[in-house]
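Trainee: Modelling step: build the complete structure from the supplied sequences, incorporating the hints.
Protein sequence lines, in the order shown, are assigned to chains A and B.
The opening position of the first sequence corresponds to residue 1 in the numbering used here, with each subsequent residue numbered one higher.
The opening position of the second sequence corresponds to residue 1001 in the numbering used here, with each subsequent residue numbered one higher.
Just so you know, these hints were derived from the structure itself, not from any lab.
Treat the hints with care, as some may be off.
Residues from chain B that face chain A, not an exhaustive set, calculated with beta carbons under 7 Å [said to hold, decoys possible]:
no.	residue
1	1014
2	1031
3	1032
4	1036
Glycine included, C-beta positions come from ideal geometry on N, C-alpha and C.
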Amino acid sequence: MPRGLDIKRVYDEHAQSIYAFLLNLTRNEPDTHDLIQELFIKLARDGQALANVKNERHFLIRLAHNAAIDLMRRRATRDRTREQFAAENISQFAAATDPDEQLFREELAGALGELPPDQRAVVHLKLWQGLTFEEIAAILEISPNTAASRYRYGLDKLRDRLRLLYDELKSTEP
Amino acid sequence: MDPFEQHLQRQAPREIPASWRDPILTAAQVAPARDLSLRESARLTFRERLNAWLWPHPIAWSALAACWVVILAVNLSLHEPAPVMAKKSAPMAPDTLAELKRERILLAEVEGLSEPPDVDRAKKSPLQPRTECTAQAMV
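Mentor: Shown next as C-alpha cells:
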C-alpha cells in the first residue's frame, strides 16, 4: 500500500457515517457493502487521496455519493428504475425498544424510500450528519439554495406521511 | 429546527456490521499489492512468459513437439498429387459448330416449330427503329 494513509484509522473514524449515508441512498445492504469496499480500495490505491483534504468525512461522503449515483445509473440502464431501486424497504435505523418508536422508525424508513434520491441525500446529510446547507451543497456539488429547497420539499413529504403517527406519539408522551 | 425535525434527528441510524471491517480492510490492503504484481507481470518479456508456461513439464512438451514432427513427416511422405478432374476443352472447329446448328434447327422443326430459334431470327433482322418495325407489322 502506498505510504501516508492509515486506512484502518480512516475506516474506524468514517465508515459508520458513510454506511448510514449509503444505506439511506441505495436502500440496499449488499450494494452499500460493495460501495464502501470500492471506496476503501480506491483510497488504498491512491495513498495521497486524503493528503490535502480539509475535511476527510465530507470528502469521503462526496466520493461515496458519486459512486452511489454511478451505481444507480448503471441500474437504470439495466431497466431497473430509481424508484424500484429505492423501493427495497430496508430500515436504516437501529431497532427501538419501544414498539411505538419502532413503528415510527419503520414508517420513517418507508417514507424516506419514497423520496427522490436527491432529496433523500440532502435530508440525511442535514438531519443525521448535522451538516449546514453550505456543506451539503459542497458535497453534492449543488448550490446552497438548491440544497435548502430539496431539504424543505423532502421534509414536507415526510411530515405529511408521518403526521398522524407523530401526533399520536406526542400525545402518549408523559 | 422544529420539534418534528428534532424527533427525526433522534432516530439512531443502524450500526455498520462489525463483520464488514476485516474483509473490507483486507481487500483494500491487498488491492495495491495486486496492482503491483499485475504491473510487474505485464513487464515480462515474451521469452520469460514462454519459459514460465513451458517450465513445469519440459519433457512432456518436447515429446508432444516430436510427435507432431513425426506426424507431419509421415503426412508429407504419403502425399500424392491430386488427379486432374477435367481439362479445359479445346475450342470447337467451325465445321462442328455449323453441324451443331443444323441439328438444332432440325430438332426444332421436328418438335413443330417451323421457324428457327429466336436467337437466330433476331440476328437476321436489320437494325431499324422500333416504330418502323411496328409500321411494317401493321401493313
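Trainee: Could you run down the list of hints and mark each one as holding or not?
Mentor: Hints and how they fare:
| no. | hint | verdict |
| --- | --- | --- |
| 1 | 1014 | holds, 5 Å |
| 2 | 1031 | holds, 5 Å |
| 3 | 1032 | holds, 5 Å |
| 4 | 1036 | violated, 10 Å |
Going down the numbered hints, you'll see the structure goes against just number 4.
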